[in-house]
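Go ahead and model the full structure; you've got the sequences and the hints to work with.
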Amino acid sequence: MPFEELPHQADVRVRVTADSCDALFAEAARAMFSIMYVACEEGGIERRVSVSAPDMPQMMVDFLSELLFIAEVERVVFSSFEVTVKGTALEAVARGEAFDPDRHRGGMEIKGVSYSGLRIFRDGEEFCSEILFDV
Amino acid sequence: MLAGIERIDEVEWEVPIGYVPGMRVPGRFFLSEDLSETLEAGAVQQLANVAVLPGIVRYSLAMPDIHSGYGFPIGGVAAFEQETGVISPGGVGYDINCGVRLIATPLTPDDITNPRALIEALFTTVPTGVGAESEMRISPHDLEEIMVEGVDWAVAAGYGTEKDAAHCEEGGKMPDAHVAPVSKKACQRGMPQAGTLGSGNHFLEIQTVDAVYDNEAAQTFGLSAGQVCFMIHCGSRGLGHQICTDHLRTLESATRRYGIEIPDRQLACAPLHSPEGEAYFGAMAAAANYAWVNRQVITHQVRTVLNRMYGIDYEEMPLVYDVAHNVAKMERHTTDKGRQTLCVHRKGATRAFGPGCPEVPQDYRAVGQPVIIPGSMGSASYVLHGTTTAMEKTFGSTCHGAGRVMSRTKAKKATPGSEVRKELLKQGIIVRATSDASIAEEAPDAYKESYKVVDVVRRAGLSLPVVRLRPIGVIKG
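Each protein sequence line maps, in turn, to chains A and B.
For reference, each letter of the first sequence is one residue, going 47 to 181 in our numbering.
For reference, each letter of the second sequence is one residue, going 188 to 664 in our numbering.
Hints are supplied without guarantee of correctness; some may be wrong.
What the hints assert, rightly or not - Okay, the calculated bits of chain A under chain B, using three or more residues with CB under 8 Å as the criterion:
id, segment
1, 51-63
2, 66-72
3, 98-109
4, 115-121
5, 130-142
6, 150-157
7, 160-171
Hints listed in this document are in silico derivations from the structure and should not be mistaken for laboratory results.
A quick note: this is a predicted structure, and the numbers were derived from the prediction, not measured.
By construction, the Cβ of each residue, glycine as well, lies at the ideal position given by its N, Cα and C atoms.
In structure tokens:
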């Protein structure tokens, strides 16, 4: 399980782990969409996202917030992500399918990606992040 | 009680200066012994963190539904001086002007001979859940007017009665709204969502008044025993979420530029009179106005269903009141310096202005502002009224709900949604939701018992009970 839910009474806090920084951002996005939608399957829709930020936590917030925006406005459910991180900038390709209420509805709407307790760190060989989503 | 916290009286506690470094004022919160075991250390730390912000007046406060949030704790209240104070999206939240309103009807439970049919009609009429879009089509120009005019726009467009605006906090319109600092992205999200409920803890409930505690106040608010009412809980949807996201980023860098030390990045803030602070305040007010319109359009959807099914005239379904519980507003309060205009942040807290306040509608002024406290799916909701004590102690504020005691994940594991639904049905409560998972997350056991929270604000004198409302039907997003 590349991400796990951590205890939080009101919102959803997750810990994401990966074997590279690129994969960490991809897994964080996957975690976010798993919370929002019941079923996420790869489809024919592809979107490119570029983010540049002053630091890594800001880059995480900006990346996930941009995906939230695209998903809501274009009504797309993303399920897989290829991310390339260079310093505090990233390029990503997100793939997914059109939102279908009958299949996707039933998850939790995420209102925002919080800075509170947002951590990105190394644990031995692993890259880790803890993220709090407001739901 | 947690170590380091001092008792002030029966239900009032102090978090002394020094609990976290840099506190300018002490923290104060309201909690009974009974509820003290639900208090999280993280929530107290967040309460203390707020006391670090510049220009904070008297105390960093929290109501008895206190629990961990981000930035401010949920249940948090803080007031800031105009000249030296700051404004922070962390004190408002992503769901700007998330709030609750109550609609009265002439119906009694006996009139609802087929409650399932009513609930199905409401469920199909009010868009709910993730990805739900409104059937209402608004133009970019309409959206701008919604953000400036609030409920007045909705009434003029045929979504309300002439009396509705007067029974909303702020008259359903914050006058300081500015559309210029609302991004194109925020508008894109807001366009299709006006008149949608959302998901999570948002709901539409059919309730009946099953206890009256204050006959005179109940009569003033147009409430009586056995009456069927409708409660709506939702906010500013994606428009508000995007405004919070956009301005947090701006304020994050502004915090550093103005040399403000904060213990949590989510408390990013700027001086009230800085360009960044004013931009956020204007955009936040625009989102607040959008949220009032959102609840007003849902009110119209509910009235339309009731008119069709029971032949009730729209005027016979008055709005009792509408309160905001995630907002920052400029308000006049009495402090050690006399009468001052303060920027009062309420993050999961309700305004509870007392008798005689000019902000309270004329027809309620002798009693005080109605305060609407929703319970969880299975527990009662309450209408209270504001008090002079609240004006003196909490900048006219009280609790906003029951407050969670169990995480959503734990709640889902504890009892499947289908079981929760069956259990509630045994109690005479029909639940309709987009999924069983959303029912499980909002199970009654996941919340403090609402009567215990209400009892704390009663004992503290922050607001006084008027009626209790028992749910008979619940629609969850």
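Status of each hint after checking the structure:
Residues of the segment 51-63 of chain A lying with their CB closer than 8 Å to a CB of chain B number 7, which satisfies the three-residue condition for coverage. Counting residues of the segment 66-72 of chain A whose beta carbon lies closer than 8 Å to any beta carbon of chain B gives 0, which falls short of the minimum of three for the stated coverage. Requiring three or more residues with a Cβ within less than 8 Å of a Cβ of chain B, the coverage given for the segment 98-109 of chain A holds, as 5 such residues are present. With 4 residues bearing a CB less than 8 Å from a CB of chain B, the segment 115-121 of chain A meets the requirement of three and the coverage assertion stands.
Counting residues of the segment 130-142 of chain A whose C-beta sits closer than 8 Å to any C-beta of chain B gives 0, which falls short of three, so the coverage hint is violated. Residues of the segment 150-157 of chain A with a Cβ under 8 Å from some Cβ of chain B number 7, which satisfies the need for three, so the listed coverage holds. By the rule of at least three residues with a Cβ nearer than 8 Å to a Cβ of chain B, the coverage given for the segment 160-171 of chain A holds, with 5 such residues.
Consistency note: the structure conflicts with the earlier hints numbered 2, 5.
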